[in-house]
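Use the sequences and the hints to build the structure in full.
Here the sequence shown is numbered in full-length UniProt numbering, starting from 1 and rising by one per residue.
Since the hints were derived computationally from the structure, they do not count as laboratory data.
These numbers were taken from a predicted model, which means no experiment stands behind them.
Incorrect hints may appear among the rest.
Said to hold, decoys possible - Derived DSSO-like pairs (lysine-lysine); straight-line CA-CA distance at most 27 Å:
#	residue 1	residue 2
1	K23	K47
2	K70	K23
3	K205	K47
4	K47	K111
5	K76	K111
6	K76	K23
7	K205	K23
8	K47	K70
9	K76	K205
10	K76	K47
11	K205	K70
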Amino acid sequence: MAEAGRLLASVFGLIDRTPLAGKSTLEIDTMVERFIVDELGARPASKGQYGFPYVLNSSINSVVCHGMPKDSDVLKDGDIVNFDITLEKGGYIADSSKTYLVGDVHPAARKLVETTYAALWKGIAQVRPGARLGDIGHVIERHAHRAGYSVVREFCGHGIGQQMHEEPQVLHFGRPGTGVLIEEGMTFTIEPMLNQGRRGVRQEKDGWTVRTLDGGLSAQFEHTVAVTASGVRVLTLRPEERAMAAKLEQAGAF
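Printed below as a string of structure tokens:
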């Protein structure tokens, strides 16, 4: 799983180096598939899963999750877009997502994205043997509400390993000291989705795309983590996040 996570982190490195404005989400999907298969010798695990025809989910602005890549969805200056990608290597799957700021983004959109990213790390910081899954959800929800955002409840993190979705479910809301006991050896995702307005969502007719009910922006970040004897290992950690993790720790976020 660590190898799958390392390879998946490199996929986001590819996207980081790609100018997004003017590109369609289908172009990016094709680019990512070629990289995973031809360069990494791995399998894009989302393609064909539950009948989904693409390698990644591309969720723009008011799309909460499960957006389908399209030729007609051309990214433009001011957009925010989440790319959710899975990768299988050696029979094990890693899952991660990142919300990108395209060009000159409005400060309100930037704040939403930054708050969601911080919420992810606050959740990760709760992971250790003996803690409870409710501890993760509690700190994420508290951080979101303090910033004036809502937490989507219809979708959650999940166990992951040889299958993309395994037990347990990892909610992004809850009460501390409740829920499944966290034990060494567990592997699961944490993937908070925060909305600018109300937490309500609706699914479009394509059966996949989920949008905010009120048309407000939504952002998401996701990592696959493993529970170690002393705490947590982020299996999908990206190189630029090493400094971010240290900064958050110094600021008392952990």
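Outcome of the hint check:
1. A hinted pair counts as satisfied when its Cα atoms are at most 27 Å apart, and K23 with K47 qualifies at roughly 21 Å.
2. Our distance criterion of 27 Å between C-alpha atoms is met by K70 and K23, whose separation comes to about 10 Å.
3. As the CA atoms of K205 and K47 are separated by approximately 20 Å, the hinted pair is consistent with the 27 Å bound.
4. Using a Cα cut-off of 27 Å, the hinted pair K47 and K111 is violated, with the two alpha carbons roughly 32 Å apart.
5. As the CA atoms of K76 and K111 are separated by approximately 19 Å, the hinted pair is consistent with the 27 Å bound.
6. Of the pairs offered as hints, the one joining K76 and K23 holds, with about 8 Å between alpha carbons and a cut-off of 27 Å not exceeded.
7. The straight-line distance between the Cα atoms of K205 and K23 is roughly 24 Å, inside the 27 Å bound, and the hint therefore holds.
8. Of the supplied pair hints, the one linking K47 and K70 holds, its CA atoms being roughly 15 Å apart against a limit of 27 Å.
9. Between the alpha carbons of K76 and K205 the distance comes to roughly 24 Å, so the proposed pair stays at or under 27 Å and holds.
10. Note on K76 and K47: the hinted pairing holds, with a Cα-Cα distance of about 26 Å set against a maximum of 27 Å.
11. Restraint check for K205 and K70: the C-alpha separation of about 15 Å stays at or below 27 Å, so the hint holds.
When each numbered hint is compared with the structure, a violation occurs for hint 4 only.
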